[in-house]
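In my numbering, the protein residues as written are 92 to 439.
Keep in mind that the hints are not guaranteed to be accurate.
Derived DSSO-like pairs (lysine-lysine); straight-line CA-CA distance at most 27 Å [stated by the list, open to error]: (1) K168 - K180; (2) K180 - K300; (3) K360 - K300.
Simulated restraints on C-beta separations [claimed, not checked]: (4) A305 - R258: 37 to 45 Å; (5) E281 - W230: 20 to 28 Å; (6) V246 - T365: 23 to 31 Å; (7) E353 - E281: 25 to 33 Å.
It should be emphasised that the hints constitute simulated quantities derived from the structure, not laboratory data. Idealized CB from N, CA, C, for every residue including glycine.
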Amino acid sequence: MATPHGSALLQPDDGSVTPGSARSLLFTILGELVWPAGRPVWTATLVHLLRGLGIEEQTARQAIARAASSDWITAAKLGREVSWSITPKLRQIFETGSLRVYSLSDSFSQWDGRWLAVLPTIPASHRSARRPLYAGLTWAGLGNPAPGLWVTPHVERVAEIRELVGRLDLQRHTVSFAGTVEAIGLDQREIVDRGWDLASLRGHYEQVKGIIEALAPQTSDEKLFESIRLSNEYQILPRTDPQLPEALLPGWIGRRVARRIEALRAQWKPAAQTRFAEIDAENSSRTAVAPLPSEHDMRDHARSAGALSGAAIPIRSASPIWSWIWRPSRSPGCGETLTRSGKAATSD
Numbered sequence: 092m093a094t095p096h097g098s099a100l101l102q103p104d105d106g107s108v109t110p111g112s113a114r115s116l117l118f119t120i121l122g123e124l125v126w127p128a129g130r131p132v133w134t135a136t137l138v139h140l141l142r143g144l145g146i147e148e149q150t151a152r153q154a155i156a157r158a159a160s161s162d163w164i165t166a167a168k169l170g171r172e173v174s175w176s177i178t179p180k181l182r183q184i185f186e187t188g189s190l191r192v193y194s195l196s197d198s199f200s201q202w203d204g205r206w207l208a209v210l211p212t213i214p215a216s217h218r219s220a221r222r223p224l225y226a227g228l229t230w231a232g233l234g235n236p237a238p239g240l241w242v243t244p245h246v247e248r249v250a251e252i253r254e255l256v257g258r259l260d261l262q263r264h265t266v267s268f269a270g271t272v273e274a275i276g277l278d279q280r281e282i283v284d285r286g287w288d289l290a291s292l293r294g295h296y297e298q299v300k301g302i303i304e305a306l307a308p309q310t311s312d313e314k315l316f317e318s319i320r321l322s323n324e325y326q327i328l329p330r331t332d333p334q335l336p337e338a339l340l341p342g343w344i345g346r347r348v349a350r351r352i353e354a355l356r357a358q359w360k361p362a363a364q365t366r367f368a369e370i371d372a373e374n375s376s377r378t379a380v381a382p383l384p385s386e387h388d389m390r391d392h393a394r395s396a397g398a399l400s401g402a403a404i405p406i407r408s409a410s411p412i413w414s415w416i417w418r419p420s421r422s423p424g425c426g427e428t429l430t431r432s433g434k435a436a437t438s439d
C-alpha cells in the first residue's frame with residue numbers, strides 16, 4: 092500500500108518505522124522548533140537533530156544548503172560558524188499550512204451542504220501547469236470523481252484555488268461554481284467514493300495508529316526525536332486527507348488519529364522544546380570560544396562551500412569580506428540508539 096512520500100513513521104509497502112527524507116524532516120524541525128523559538132539556530136544544531144533522525148551528516152548539510160537556496164532560511168556568520176533564520180516566505184508557509192494541519196481533527200459539523208466544483212482545461216500552451224495544478228488542487232482537498240471535474244465540500248477554500256489558478260495563468264481555461272448536489276446523476280456518497288481513495292487512506296491511518304500507540308519515549312532526547320517524527324507525519328497527512336465533513340464521512344479514523352497525535356505532541360512538547368534549546372545553547376557556547384579563521388582558511392571554506400552545494404550562498408555578516416562564504420560547522424555526536432534506521436536517507 093502506498094504511503095505519503097517522506098513519511099517519518101511509515102516506510103512504503105511494509106509499514107516499518109523509518110526516518111523521512113532530510114528535506115522533509117528539516118522542514119518539520121524549522122516549523123516545530125525554530126519558528127516557535129523566534130530566534131536563529133546554529134548549523135550544528137540542525138545537523139545534530141537530523142543525524143538523530145537517521146540522516147547522514149553530508150545529506151543533512153546538503154538539505155540545509157538546499158533550504159537556503161529555496162529561500163527557506165537565511166544565514167548569518169559568527170567566526171567559523173553559521174546560524175540560520177527563517178525567511179518571511181517560510182513563515183508565511185507555516186502560518187497558512189498550520190491551519191490546514193491542525194484542522195485534521197475537525198468534524199466540520201457546520202457544513203451547509205454546498206460543494207465547490209472546478210473544471211480546468213489545460214491547453215497545449217500550458218502543458219507545464221498540469222502537475223502543479225493537480226498537486227495544488229489535491230493539497231486544497233479537492234477530489235476528482237469524473238474526468239476534468241474537481242470538487243470539495245470546503246467552499247471556503249475558493250480564495251486558495253483562485254490564487255492557484257491565477258498563478259498558473261489558467262483563469263481563461265477554468266470554470267467553477269458552488270452549489271448543492273441534485274438528484275440527476277451521482278449522489279454525494281458516490282462522489283466521495285469516486286473522488287478520493289479513502290480505502291488506502293484508511294489503511295494508512297490504521298498503520299499510523301498502531302505505531303503511535305506503541306511509542307513510549309522516556310528521556311528528553313527520545314521525546315525530542317519522536318516529537319519531530321510525529322509532527323512530520325502530521326504535516327504530510329493533509330496532502331492525502333480531504334478532511335471531509337462528518338456528514339459525508341461519519342466516524343472517520345483520520346479524525347481520531349489526528350486527535351491522538353495532537354495529544355501526544357502536546358504531551359511531549361515541553362520536554363522537546365527544552366532539549367532543543369539546550370542543544371542550541373551548547374552549540375552557541377562552542378561558537379563563542381571558537382577562534383576566528385585566517386584569510387587562507389576563508390578561501391578554503393569558500394571552495395568547500397561551492398563543492399558541497401554547487402552555488403554560493405549569501406550570508407549576512409558584520410564584515411563585507413564574509414558575505415559570500417559558507418562553511419558548515421561540525422556537528423556534535425548523536426547517539427546511535429536514537430537512529431531508527433541505518434540506511435542513508437535522500438535529501439529529496
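Each hint tested on the structure:
1. K168 - K180: holds (21 Å)
2. K180 - K300: violated (33 Å)
3. K360 - K300: Holds. K360 to K300 sits at ~19 Å (cutoff 27 Å).
4. A305 - R258: 37 to 45 Å: Hint holds: Cβ distance 42 Å, inside 37 to 45 Å.
5. E281 - W230: 20 to 28 Å: holds (24 Å)
6. V246 - T365: 23 to 31 Å: violated (42 Å)
7. E353 - E281: 25 to 33 Å: holds (32 Å)
In terms of the numbered hints stated before, the structure departs from hints 2, 6, listed from lowest to highest.
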